[in-house]
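Peer 1: Could you build the full structure based on these sequences and the hints that come with them?
2 protein chains.
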Amino acid sequence: MPTSAFLQSLGITRPTAILDAVQARQNIRHMAQKAAQANIRFRPHFKTHQSAEIGQWFQTEGVTTITVSSFSMAHYFVEHGWQDITVAFPVNVREMDAINRLASQIQLGVLVESLATIDALQRGIQHPVQVWLEIDTGYHRTGLVWDDGDRILSLVRHLDSVEHLEFTGILTHTGQTYYARSRAEIQYLYQETTGRMQSIQDRLQQAGFSCQISIGDTPSCAVAGSFAGIDEIRPGNFVFYDQMMYQIGACRPDQLALAVACPVVGVYPERGQIVVYGGAVHLSKEALVETSGRAVFGYLQEIENGRLGRIAYDAPVISLSQEHGIIDVPPAMERKVTVGDIVLISPVHSCLTANLYPFYLTLTGENISRIR
Amino acid sequence: MPTSAFLQSLGITRPTAILDAVQARQNIRHMAQKAAQANIRFRPHFKTHQSAEIGQWFQTEGVTTITVSSFSMAHYFVEHGWQDITVAFPVNVREMDAINRLASQIQLGVLVESLATIDALQRGIQHPVQVWLEIDTGYHRTGLVWDDGDRILSLVRHLDSVEHLEFTGILTHTGQTYYARSRAEIQYLYQETTGRMQSIQDRLQQAGFSCQISIGDTPSCAVAGSFAGIDEIRPGNFVFYDQMMYQIGACRPDQLALAVACPVVGVYPERGQIVVYGGAVHLSKEALVETSGRAVFGYLQEIENGRLGRIAYDAPVISLSQEHGIIDVPPAMERKVTVGDIVLISPVHSCLTANLYPFYLTLTGENISRIR
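Quick note, the sequences are listed as chains A and B, same order.
Those letters in the first sequence? Residues 1 to 372, per my numbering, in order.
Those letters in the second sequence? Residues 1 to 372, per my numbering, in order.
What you were told as hints is all true, and nothing was included just to trick you.
Computed, partial: chain A to chain B, Cβ under 7 angstroms:
no.	residue
1	F89
2	P90
3	R94
4	A116
5	T142
6	P263
7	V265
8	V275
9	A280
10	V281
11	K285
12	E323
13	V339
14	N355
Because the hints were derived from the structure by calculation, they are not lab data.
Beta carbons are placed, not taken as given, at the ideal position from N, Cα and C, and that holds for glycine.
Peer 2: Here it is, written out as structure tokens:
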């Protein structure tokens, strides 16, 4: 069945997040098996899907430990039965009540990187929490600079003296892999990160502290051959992947599991464009910059045999307003598209796109709810 | 009271949309008075605020006609008592049920620009609707090209033959004003648009059709001195304005009515940066490109005398992840900021930012709900 007819058969009338559940489950299984073979802890980041039902797919693969990026997200997953959660975001000390509520209910892990935060926790914390020291291994977003060993050791010593704060290990997000241009470059950055983390671990162990290592970015976890020296991985995006991940070599096109269905509202032969009901509030404004310098917000994609299929790289989304998306289409494609058709768009960044929807619709017509 | 203390006194612990209600109401009153003085219809676009309560502030100013950008948004405002609504988005023919339901309840206006859409309406429409022909006056997003008079006249003739479709006039969104670099350029584009719309109106009137003219962009409506020859205006963004509107000269800094409160989670003296809990899912990825070529996602702003105040253009948000925002800050400011403080960010595009929140918090601590 052609893509538009298939999507119409699902009852779609407005912009809708479409999930290839078969592929998402394969992505989950593949990463879970990779972690199991390496004999390390798999603590997937649930900020990408933020769905209790998709969480169950991880449980099926034996996952019991997860990562989230806010206390409210942690609260949602606790309500859905999760008992061991790391909030992989520097502690927001204004939410001390939420921290204590969670720490009283589950095994809670938090991220710390400054004396100011440790002091605030010391004043407010009432229950044991696992504390990870966040390390900046080169991304320069958050974390202690990896080669400032004196400061890192001093913070661990300080942590060790505070009741309820249980130093667990060092954690990093190697976000620089998202700017890589090849699998080889991702592999290089992964090795560099691992080396930097192990140098800290050595120093802390020499000072008498046992110290786990946690790494988190999807590109590293997708590309790394083994995880020697690592204790846990926290990838998130891999559950859906997206055009950004494909472009840097972190996934194959057939691993993409999320797309957005959009009704066509205008066809413009004189410009070689179509316009869809599907804008920045349906795709997000995240862009890929093509080698030509043009910013692209997604590409048309087909449904093939009831699964997400071919991606039309000759049909990019080149402009987004709040609710309109403008798509350049080649003449042959344009002649086939009419007002009232529904097209499918493969997004640039699945995490930000998913965040804009209250639910996912699977290709077999099931609604998969998300956090609201 | 300093900004952080003031925001803490409001009980803020997480990223929160902050509304200067006094300023938003002044913005509403100012635009309503401008329309009244010009003796034209004011049909504000509610896609910016999407709030029943803010809608009431318009009612106080005598507004009874509104614009929205989707049938679901129309449905929300019908539920809150609005009876005359134009859906200023090319008709999505897949939502015929929604169109008929709305058309049976209220005075509904829709946008048409193609024979395909008219044919679909002809097959499905069961109640009278006002039809606006959308005209492309140079923005090249949607609409009939303004100088293709033959095609426009032919579509109006066709429309005229279809039961329930009541041709009302021509409508345009002069989106090119958002790329203007001065008030003079906005004024020029407004005059150009008006001239183009009037040339169509003349032709249609010569052919025996009465034809109103509706224009819609906030920059034109904010800058235009009078509205000679125009029948209605549909600005939306002006209720809050934003950094983009300020940069192009469409508003003054003191007219900005929306900002985002974000807890500080990291301070990095070695980089001259702070990191806040406030990322792409709290601000949107809409960026301004500064003359240096740097993309900026917002600027720090102060609270002064309980109102939105000074904007720190030396403290830009230079990077956003899903939940993290990185802000460059000058040394003097950085020395004053600590983990646990709450800072305020003036967003680049208030419509997209507002869309990410379930409610607004006013500076007097009131919750103003939004569509969910």
